[in-house]
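Chemist: Below, each chain spelled out in residue letters.
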Amino acid sequence: MEKYMFIFFGGDPSHLSPDAQQAHMQKWFDWVQKLTNEKRYVGGEALLPGGKTIKGSKKAVTDGPFTESKEVVGGYFVVLAKNLDEAVEMAKECPDYSLDGVVEVREVMKFDNME
Amino acid sequence: MPEQHVHQLVSHLFRHEAGRMAAVLTRLLGFNSLSAAEDLVQDTLLQAMSTWKIKGIPENPSAWLYTVAKRKAIDFIRQQKIHEQHHTEIGLALKSEWTLSPTVNRLFLDNEIEDSLLRMVFACCHPAIPYESQIALTLKTLCGLSIGEIANCFLTNDETITKRLYRAREKIREENLTLETPAPAKLPGRMDAVLHSLYLLFNEGYNSSHSDHVIRQDLCLEAMRLCLLLVQNKITNTPKVNALLSLMCFQASREESRISVDGSIILLKDQDRSRWHQPLIEKGKYFLEQAAEGEDFSEYHIEAAIAGCHLKAQTFQETDWEQIFQLYSALAQLKPSPVVELNKAIALGYARSATDGLTALQKISALQDHYLLHAAIGDFQFTLQNFEEARKCYMKAITLTHSNAEKKLLEQKVLTCG
Chain A
1 MEKYMFIFFG GDPSHLSPDA QQAHMQKWFD WVQKLTNEKR YVGGEALLPG
51 GKTIKGSKKA VTDGPFTESK EVVGGYFVVL AKNLDEAVEM AKECPDYSLD
101 GVVEVREVMK FDNME
Chain B
1 MPEQHVHQLV SHLFRHEAGR MAAVLTRLLG FNSLSAAEDL VQDTLLQAMS
51 TWKIKGIPEN PSAWLYTVAK RKAIDFIRQQ KIHEQHHTEI GLALKSEWTL
101 SPTVNRLFLD NEIEDSLLRM VFACCHPAIP YESQIALTLK TLCGLSIGEI
151 ANCFLTNDET ITKRLYRARE KIREENLTLE TPAPAKLPGR MDAVLHSLYL
201 LFNEGYNSSH SDHVIRQDLC LEAMRLCLLL VQNKITNTPK VNALLSLMCF
251 QASREESRIS VDGSIILLKD QDRSRWHQPL IEKGKYFLEQ AAEGEDFSEY
301 HIEAAIAGCH LKAQTFQETD WEQIFQLYSA LAQLKPSPVV ELNKAIALGY
351 ARSATDGLTA LQKISALQDH YLLHAAIGDF QFTLQNFEEA RKCYMKAITL
401 THSNAEKKLL EQKVLTCG
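Those protein sequences? They're chains A and B, same order as listed.
Going by my numbering, the letters in the first sequence line up with residues 1 to 115, in that order.
Going by my numbering, the letters in the second sequence line up with residues 1 to 418, in that order.
I should point out that these hints are in silico values taken from the structure, not numbers from a laboratory.
Mixed in with the good hints there might be a few duds.
Distance condition first, Cα-Cα at most 27 Å in a straight line; then the derived DSSO-like pairs of lysine-lysine [to be verified]:
(1) Lys55(B) to Lys27(A)
(2) Lys396(B) to Lys269(B)
(3) Lys92(A) to Lys110(A)
(4) Lys55(B) to Lys39(A)
(5) Lys55(B) to Lys82(A)
(6) Lys110(A) to Lys55(B)
(7) Lys70(B) to Lys55(B)
(8) Lys396(B) to Lys407(B)
(9) Lys72(B) to Lys55(B)
(10) Lys285(B) to Lys363(B)
(11) Lys82(A) to Lys92(A)
(12) Lys269(B) to Lys392(B)
(13) Lys55(B) to Lys34(A)
(14) Lys52(A) to Lys72(B)
(15) Lys55(B) to Lys95(B)
(16) Lys52(A) to Lys396(B)
(17) Lys34(A) to Lys82(A)
(18) Lys34(A) to Lys110(A)
(19) Lys234(B) to Lys186(B)
(20) Lys55(B) to Lys92(A)
(21) Lys82(A) to Lys110(A)
(22) Lys283(B) to Lys312(B)
(23) Lys285(B) to Lys312(B)
(24) Lys3(A) to Lys59(A)
(25) Lys72(B) to Lys95(B)
(26) Lys407(B) to Lys363(B)
(27) Lys52(A) to Lys70(B)
(28) Lys55(B) to Lys3(A)
(29) Lys363(B) to Lys283(B)
(30) Lys363(B) to Lys335(B)
Taking CB as the label site, the calculated pair distances span [claimed, not checked]:
(31) Leu84(A) to Tyr166(B): 35 to 43 Å
(32) Gly148(B) to Tyr97(A): 16 to 24 Å
(33) Val261(B) to Gly43(A): 22 to 30 Å
(34) Lys163(B) to Tyr97(A): 30 to 38 Å
(35) Gly263(B) to Asp63(A): 51 to 59 Å
(36) Pro49(A) to Thr160(B): 52 to 60 Å
(37) Leu228(B) to Gly64(A): 42 to 50 Å
(38) Glu45(A) to Ala185(B): 52 to 60 Å
From the three backbone atoms N, C-alpha and C, an ideal C-beta is built for every residue, glycine too.
The shape of chain A in the complex, shown without the other chains (with noise of 0.2 Å):
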């Protein structure tokens, strides 16, 4: 099993009412509960919106690493999956995509492929 992580861009909730929104919230806790079940899950971690962005050698900070919000991360997880077709298949199921949410599959660098 290698590791990838699934990095979510996107997914306005935001013309959603709270029913509809707690609904939605749901498909997610489904999905990390099977991850989990079949021991996949490793942890992940949820982004807030703003922040900031430093560049170049004068270290230039501006707000926001971003343009659209369809472009913001909102989030990671890092999972487990025999090979990034796998992965792939797996990420599929995250439910955001009928809010127009993007997810980009990596994998996760080992430092021991290295030697």
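Let chain A serve as the given structure and place chain B on it in line with the hints.
Modeler: Chain B in isolation, oriented as in the chain A frame:
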């Protein structure tokens, strides 16, 4: 494996917390800033959603929401000048950095949240606001329903509901309504207005022709939740409120057995009485006992007693129609209306004879355009074996109802007339 993932929230948590937070924030910002308060609530829920979906549900979801809402409220108050007209004690406390955070924190304490909710109930059901707008505003603000969901409840479109909400906001501005609990002298009158709105809200759910069972039940539950809020508060825990809540419990206990799988209505006499919800019946009895304390005697008392009387009968044949007739007679004196006369006549028909019932029904001139009158006359004609007359009445009733479930029921009756 991470332990933090609890996998299910209490149902309607977001919806109900939206109502609570909207009440508190509106009290903070002033009734005029209702939209701003709603935006802060929305922001808070969005932040919860984006965090919880990845990190799981926090140990105390409500406290988590309040912490975020408080922070957002403080930021908002610092950035914006609170509405000029917000001259209340709270409005003044928000102007100083010394008192800003403590005031915001205080209003998010449990008892203060309840107090804000109560004020919000009185505000949403203010007599200056037209009834339809009261209901829309209550559902939107206190119950956390979206415009689309409210429109769906009333089988209408978003624009209609938006207009009703607009009218409510307009009245709030025009009349400069504030979020106060009414003064003791005005309390009984204002309570009557609130109870009337909750009664109508419940009936919207209970008698709705909506095909979706869940939506009807939702409206009933929201009305009951708000009624319970009034019962749980010392100032508003009056016999009338208890009587209304008792009535709602009694009615709701039959909800499951009233509608068949295919969505048609099952008449009281054909209902499977074992499916009546006993815990709700017990609650109804309890609140009716509470309602009996004191001098107050209202239409809700009588209606609850009638519903209770039906529930007491193990079979339809065991129904104490004489008592129900007496209760409807009392109701007709207290709150005369053609619909009460109709029910009184039906009870009479069962208590004495079908001929008596028929004669009483035929005297009601006000309901010629209402299907219920014709359906009831049809029933007694049928009992008296005047099948041709019965058939005519049912046919007439079919042309007068818009509800598909009612139409189906009446069509079945037509068939039995041969």
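Chemist: Are the hints correct? Go through all of them and say.
Modeler: Comparing the hints with the structure gives:
| no. | hint | verdict |
| --- | --- | --- |
| 1 | Lys55(B) to Lys27(A) | holds (13 Å) |
| 2 | Lys396(B) to Lys269(B) | holds (23 Å) |
| 3 | Lys92(A) to Lys110(A) | holds (24 Å) |
| 4 | Lys55(B) to Lys39(A) | holds (17 Å) |
| 5 | Lys55(B) to Lys82(A) | holds (24 Å) |
| 6 | Lys110(A) to Lys55(B) | holds (25 Å) |
| 7 | Lys70(B) to Lys55(B) | holds (21 Å) |
| 8 | Lys396(B) to Lys407(B) | holds (11 Å) |
| 9 | Lys72(B) to Lys55(B) | holds (21 Å) |
| 10 | Lys285(B) to Lys363(B) | violated (35 Å) |
| 11 | Lys82(A) to Lys92(A) | holds (16 Å) |
| 12 | Lys269(B) to Lys392(B) | holds (23 Å) |
| 13 | Lys55(B) to Lys34(A) | holds (15 Å) |
| 14 | Lys52(A) to Lys72(B) | holds (20 Å) |
| 15 | Lys55(B) to Lys95(B) | violated (36 Å) |
| 16 | Lys52(A) to Lys396(B) | violated (72 Å) |
| 17 | Lys34(A) to Lys82(A) | holds (17 Å) |
| 18 | Lys34(A) to Lys110(A) | holds (25 Å) |
| 19 | Lys234(B) to Lys186(B) | holds (16 Å) |
| 20 | Lys55(B) to Lys92(A) | holds (19 Å) |
| 21 | Lys82(A) to Lys110(A) | holds (14 Å) |
| 22 | Lys283(B) to Lys312(B) | holds (14 Å) |
| 23 | Lys285(B) to Lys312(B) | holds (10 Å) |
| 24 | Lys3(A) to Lys59(A) | violated (33 Å) |
| 25 | Lys72(B) to Lys95(B) | holds (16 Å) |
| 26 | Lys407(B) to Lys363(B) | holds (25 Å) |
| 27 | Lys52(A) to Lys70(B) | holds (24 Å) |
| 28 | Lys55(B) to Lys3(A) | holds (19 Å) |
| 29 | Lys363(B) to Lys283(B) | violated (38 Å) |
| 30 | Lys363(B) to Lys335(B) | holds (18 Å) |
| 31 | Leu84(A) to Tyr166(B): 35 to 43 Å | violated (53 Å) |
| 32 | Gly148(B) to Tyr97(A): 16 to 24 Å | holds (22 Å) |
| 33 | Val261(B) to Gly43(A): 22 to 30 Å | violated (46 Å) |
| 34 | Lys163(B) to Tyr97(A): 30 to 38 Å | holds (35 Å) |
| 35 | Gly263(B) to Asp63(A): 51 to 59 Å | holds (55 Å) |
| 36 | Pro49(A) to Thr160(B): 52 to 60 Å | violated (35 Å) |
| 37 | Leu228(B) to Gly64(A): 42 to 50 Å | holds (45 Å) |
| 38 | Glu45(A) to Ala185(B): 52 to 60 Å | holds (57 Å) |
Checked against the numbered hints above, the structure violates hints 10, 15, 16, 24, 29, 31, 33, 36; every other hint is satisfied.
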